[in-house]
Structures are given as C-alpha cells and as structure tokens.
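Protein sequence lines correspond, in order, to chains A and B. If you use the working numbering, the first sequence corresponds to residues 17 to 128, in order. If you use the working numbering, the second sequence corresponds to residues 69 to 408, in order.
Please keep in mind that the hints were generated in silico from the structure rather than gathered at the bench. Note that the Cβ used here is the ideal one computed from N, Cα and C, for glycine as well. Just to be clear, a hint being listed does not mean it is correct.
[Unchecked claim] Pairs of lysine-lysine, DSSO-like flavour, derived with a Cα cap of 30 angstroms:
hint, chain 1, residue 1, chain 2, residue 2
1, B, K263, A, K102
2, B, K131, B, K224
3, B, K224, A, K60
4, B, K263, A, K60
5, B, K77, B, K365
[Claimed, not checked] Beyond 12 angstroms from chain B on every Cβ pair, some chain A residues (computed):
hint, residue
6, Q20
7, L26
8, G30
9, E34
10, K35
11, G38
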Amino acid sequence: MLGQCIQQALVHWGGWDEKKAGDPTVAILIILSVLLTSLGVYDKFGQWAGAGSAVPVTGFANSMASAAIESRSEGLVLGVGNNMFKLAGCVIVFGTTAAFVVAIIRLLVCGG
Amino acid sequence: MLKGHQSWKFHRKPVIAGTATVVGPFEGRGPLANDFDIVHGDSLVGQDSWEQAEQTYLEEAAKLAIRNAGLTNDQVQFYVGGDLMNQITSSSYTARTLTIPYLGVFGACSTSMESLAVASYLVSTGGAKYALAATCSHNSSSEKQFRYPTEYGSQKPPTAQYTVTGAGAAVVAEAGAGPVVAAATIGRIVDMGIKDPFNMGAAMAPAAVDTITAHFRDLGVGPDHYDLIVTGDLAKVGYEIACDLFEKHRIPMHKTRFRDCGMMIYDYGKQMVQAGGSGCACSAVVTYGHILKKLRKQELRRVLVVATGALLSPLAVQQGESIPCIAHAVAIEAPQAAAD
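Looking at chain B on its own, in the form it has when it is part of the complex (with noise of 0.2 angstroms):
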C-alpha cells in the first residue's frame, strides 16, 4: 500500500465508477465545452448571492455524479470535498444537502485530486464501498474573497489567472466498470517565497515538480509510463517554469505528453483569461469531464493528474507572508491498462 515515501500504490484499484461537471456560461464558451455535463448559461444560477451558486454548482454536480454511478445517496458512505471558501462552507452546507457522512479537506486548488486521493484510499482498504469526491470554485466568489470586488475596475496584471466556475464530482467504487485509480502521492508544502498573488503559477509550479519527482521515485517509473501528464492550474506562466525545472532536474519529461489544465480550459485567442485558467474547479472538471472520457475510450491508457494549490490567505498576504504551495498527484487507468 505504501509505496516509498509519500505514495499509495493501491492493489485493490478502486473503479471510478460516475463522474458529473457543471460549469458556467464563460467555460461554456471553451474549447472543453463538449465533455462537460451541464453547462449554464447564467454564473448566479438563479441565486440570491454568488457563494449560493457556487454550492449550487456543486450540489448539481454531486447528485448527478451518484446518479451516473448508478446509485443513491445512501449507498455512498463518504463524502470528501472542499473549496476555496472560507471554512470551505460551499462543500458543507452541500453535505448538509446530501445528508452523506461527511470529511472536509482543503488543499484550495489541489482539493481536487486531494478528495480523490483520500476516497481512493478509504474504498482501497474496505473503509468504504462507495466514496463521493467533490470540488468547487466560482470565479465571482472568488474574485470577492480573495482579490476586489467583481465590478471593480482594476487592471490585471499577465501573470493573474482566472478562476474557472464549475463544480466536478467521482464516486470512487470497490468494484465496476470504468477507469481506476492506481495510485496516488501526497504532496508536501514547498514555499520559494513568492508573496504575489496575481502569480499563483509561478509559486505552484515548484510544488509540482517536486511531487511528480516524488510519484516517480517511489514507484520506480518514469515520464513514459502515463500517456499524459497534467498540472492542475499552472496556466502559461507556471507551466513555463515547470518545464524549466524538470530540464534542470533531468527529468525526460519530453518522453510523454506534459499540459496544464488551466491552459486547456479557455480559449487565449477569444477570452481574456491572462495566464490562464485556476480555481479548484480547473482540475476537476478538465479530469473528471474531458480526461476520464478519454480514458473511458481507450484514448488514453494511464494519465498522471497534478492538482496543484497555493495555501494563501488575503489576511497571510497583506501581513507580508509568502504563498506555499502544494501538489497532489493520482493516477489514473483505463480498464484495459489496469488489467495488462
């Protein structure tokens, strides 16, 4: 089970048996807009506030990932979710919805595959028949929450990202049909004592490298193991001095494909997004939407997903703290691959 020092190799793979993505109008209009289940075209969803759509959003994509996965809320034993806000409030009052024993985790953009990871585990070793992982992220909330006002007028610098809306949702299961998870690496905190948070990428993009460094040495596999390997939201600027580093470090990151979900979600051409995409969002629903139907058609064997988080907190920013940051990897299998 434990493999080296930080990963879980799992020997009974737990199948990921429904996935559901909701987003909104703005993502709609992407590239990915096909692989996504619902699409909105209103960001408030019909909502008094922007912090009730955003738990909205993610109601929807839970009760729809249940369903895709052929079951009802009281089969599933656990919820693990969270979100970017504060007291990760969107994942609770959903728990409180789903009315499913609930685990909240934040790892703010990286919660993604963090859930994923912890559901993994919980079903692997027969804590769970079925467990839900789920995440969100609004991009007005965000806005609120961590930088101005959304109607305020102030000018982006190239580097900022834009906050992905949506909400991506798994049931992990003991057994089924559909792609596996095999494994997963718990990242460590790595702090390079960057302090701007219209950056994110820049201070992310160590937190990968040093988790997908890690994946490879303890399970004893290189970059051509996965046919893919995706960051989180490191967007241009991040995935940029990602690929830097794995030169220097010598990784042969050249032997398989490497991209970023936050460059993958929008169109640079038509929407204004600066770097790119982020948000916990980002990774969600580019995995749970476009890469597991791909791994469901066997266009892809073994995908290797990064989800990458910057821990910070306006309050920790304005007192002059530097941002540190996170990566969680899991990697996940088409059924075929798994059984090879």
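So here's chain A without its partners, still in its complex pose (with noise of 0.2 angstroms):
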C-alpha cells in the first residue's frame, strides 16, 4: 500500500507515466528499509507489522542491511562481505533456481 501511494505520488507530481513509476517506486522503498534499518526502527517495526513488513522488497533489503551492521565488527571483507548474504542468500538461490525451472516448463509447454 506505500508502495501504491508512492508511486501515484510519482505519477503525479513527478511526471512519470504508472509504467515506469515502478522502478523509482522500488528504489525509494529499499532506500526507506534500509535507513529505518540503520536508525535500530524495522526491528521494532517488523514485530508490529509481520509479513507485510517481510514480503516485499523491503524485508530482502532489510535482511541485507541488518546482517551487514551486525557483522561489521569482524571487518568489512571477511565480516561484512561474507555475512551480508546470510539471510537473503537463500533467496537469490532459490529464486534463480525456481525461476529456471518456471523457463523450462513453459518452454516445454508453450514451445517458447
């Protein structure tokens, strides 16, 4: 629903036409996920608002950020780096993967 509103803000204010609305739409929602992140507030917000706060992009980009801050300690290659993928590694692996087997069967079902 912010989503919405921010994007109809766009629309409107901005000059961009609903299609390509989208993309600045996203781009602000991970900036917002990241920097209640940093400011120790999603935590808080995430108990409050469940897997509406999960769902979306702004759960991946939290996930990304609150792991990057927690490991800062160990160092930024070793720590940071190689931590920043703890939670969302999952889903990049899992969504490659169920997004290639999504191709094939609709090549084998629609012939391309």
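Each chain sits in its own coordinate frame; assemble them with the hints.
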C-alpha cells in the first residue's frame, strides 16, 4: 500500500507514467527500509507489521542491511562481505532456481 | 556432604560475602531496577561490539563483587564462570583481566547456579577460602549468535523470550557475615523432544520440575521448607507448564511462593518481551540483586533458586536435534535461619 502511494505520488507530481514509476518506487522503498534498519527502527516495525514488512522488497533490503551492520565488527571484507547474504542468500539461490525451472516448464508447455 | 542421589548438603555452610549486579538500560526500566548495583544507560557501554560490551558488564560485576566482599583479586583463589557465547569467551576474557585461577563452566542459562554450586563446594570442602561465581549475557550478542541480526525485522512468536543484558557475580567465603549456601542439587538433562528454539520455556520446564523434585527427595524436605522457590527463566509459558507438572506429581507448591526470575525482571505492561526474560544474567541478577537483598534484610529466610538452561546450539537446531535442558538448584538461607 505504501508502495502504491509512492507510485501514485510519482505519477502525480513527478511526471512519470504509471509503468515507468515502478522502478523508482522500488528504489525508494529499498532506501527507506535500509534507512529505518540503520536507525534501529525496522525490527520494531517488523514485530508489529509481521509479513507486511517481510514479504516485499523492504524485507529483503532489511535482511541484507541488518546482517551487514551486525558483522561490521568482524571486518569489512570477511565480516560484512561474507555475512551480508547470510539471510538473503537463500532467496537468491531459490529465486534463481525457481525462475530456471519455470522457464523450462514454459518452454516445454508453450514451446517457447 | 553428598545427600541422596544428586545433592550436596553443606555442613560448613559457605557465606556469600559480596555480590554485584550490572544491567543494561532495558532492565533498568523494569520493576527491579532499584535492586541492581549499576544500571548502564548504553547497552554497548562504549565498546566496538556486542561481545566486548558483554565482557565489560561481566568484568564490572566481578570486580565490584570482590570489592563488596572487602577483598582484592589476589585473595580470591578461584573464579568459576560461564556464559552463552561460543567457547564461553566473555568469561575467559574476563578471567584474563582478573588474573584469578579460572574454571570455565557451561550450563547455558543455568550457569548462574551451576557456578555458585561449584564455588560453594570448593569453599565448603576447604578447597578454597574465597571463590568467585559469575555469569553474564547480552541481548544483542545472543540474538546475533542464536537468532537473527539484531536489526532484522522478523516477527517473534509470543512464546519467545527476551535475553537479559547484564552480569551477576558472587564471592563465596569460608566464614563471615551474610546469607549462606545450605545445599545444592545438580540437575540431569531432561529432553522432552521440543525442537522450537523460540519456545525454550516449554522445553526447560520439565528439567526444572525434575531438579526440584530431586532436591525435595534428596534432602527430605518439602516446598514449605522455603519461603520462596524461584526458577531461572521459564517465563510465562514454561512457568505454567511447571505448575501443571507439579500438580500432576502432587507436589504441594501452594505451600510456598513459587516464582520465576524471567517473569520478575520485566514489566509486561510496558516492555515488549513476549513470554519474559531469559539468559544467564536473568537468574543471576534477580538472585544476586533482588533476592539476596531480601535475605540480608531477613525479609526472606530460606530460598531455593533453580536456574534453568536450554543446552542448544544453532547448529544442532538446524540439524533437527531437539533441545536438551538442565536445571541446577541452590538453597540460600538468611544468616538467622542458618543459625536455627
């Protein structure tokens, strides 16, 4: 819903058309999520909002930002670099795998 | 000395000569705030990492307990301690600072009473004149190690518990003034097959009941022997299960006051802690802060503290293992009650 508001605002005031406003909307949501995470507010918001905060792109951004902040004490390369995808890694692995499988099914069923 | 199957009854009762408790800002907003020696306004206490902060809490508590007992570091023979960090680093690094000969123990959240029982045994048998028992935990370092990054916005179930940030330490002496340790019961592992790390109260409750029952059997006493029996960190969920189990085993717990440290330390109305408090520091700061104060003032005469621990590791949980649990009980008496 928040995303929809941002998108509508961009269409109204930013002069974007509905289709093009999608990308900057996602970018704003990501920035907002990372900002709230670094301010230490997102975890409290998450307890209240539940799946609403976790499912969209904001949850993904939060999982990466929180893991990065947490592992700062272990160094930039081995700490932040290694642990950033600690929670988000599985989303990427299974997201890619699922996309691959769906693409093959589509190829077989629809014949490309 | 050995009494029954798994208990020690101390004939030369070791004296708790000095204690100290240090807690974080969140615990400082709880109902027991006035019972703690130091309440920090910053949970990171000016350190670079949560782990270093946890160690700082422990160092402060240990040094203050030694000072409160009127001693210096070199007069204390042994330091018995443990914590929740991997390889109990908080305790080992504190031992490096204190330079007191060190015995590391691990009983997860039961470490507070495990270390006090071992220290009391050492002193009672003449193995030491003074022994220090101390433990600590930190909410953020525990979240990081056992759950998710602290800023990760996951939703916690109502059975989850909030790890207490703080440290508690006690100096046990051969003689002197103060509350005494009368007996201790070492628990055995009880595992009822619970695999949910967000429901540790339910996993630990049977262990607490097992140790309390064993304590009564070994020492030939009933619940009415104590003014107060407290469990470490069962919190709401585990506490209710323990009450049900006592009723099933027909143990008349209504003859005493039965409480839980995890339910005493926070204000459920104002603080979002789900089921209640947990962590090594939970039973340590409530016992060494709140309960010992009441024993010194003779408001309580005999107390049985039963610290409960869930001996899980994130790796074991991921591999589908259930959670083995343990509870250690220590009976502490006011000076007057001990003389009777």
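Consistency of the hints with the structure:
1. B:K263 <-> A:K102: This hinted pair holds, its Cα atoms lying about 22 angstroms apart.
2. B:K131 <-> B:K224: violated (36 angstroms)
3. B:K224 <-> A:K60: holds (10 angstroms)
4. B:K263 <-> A:K60: holds (26 angstroms)
5. B:K77 <-> B:K365: holds (24 angstroms)
6. Q20: holds (20 angstroms)
7. L26: The claim stands: A:L26 keeps its Cβ more than 12 angstroms from every Cβ of chain B (closest is about 25 angstroms).
8. G30: The assertion about A:G30 holds, with a minimum of 28 angstroms to chain B.
9. E34: Since the minimum Cβ distance to chain B is about 29 angstroms, A:E34 lies beyond 12 angstroms and the statement holds.
10. K35: Given a closest Cβ separation of 30 angstroms, the condition holds.
11. G38: holds (23 angstroms)
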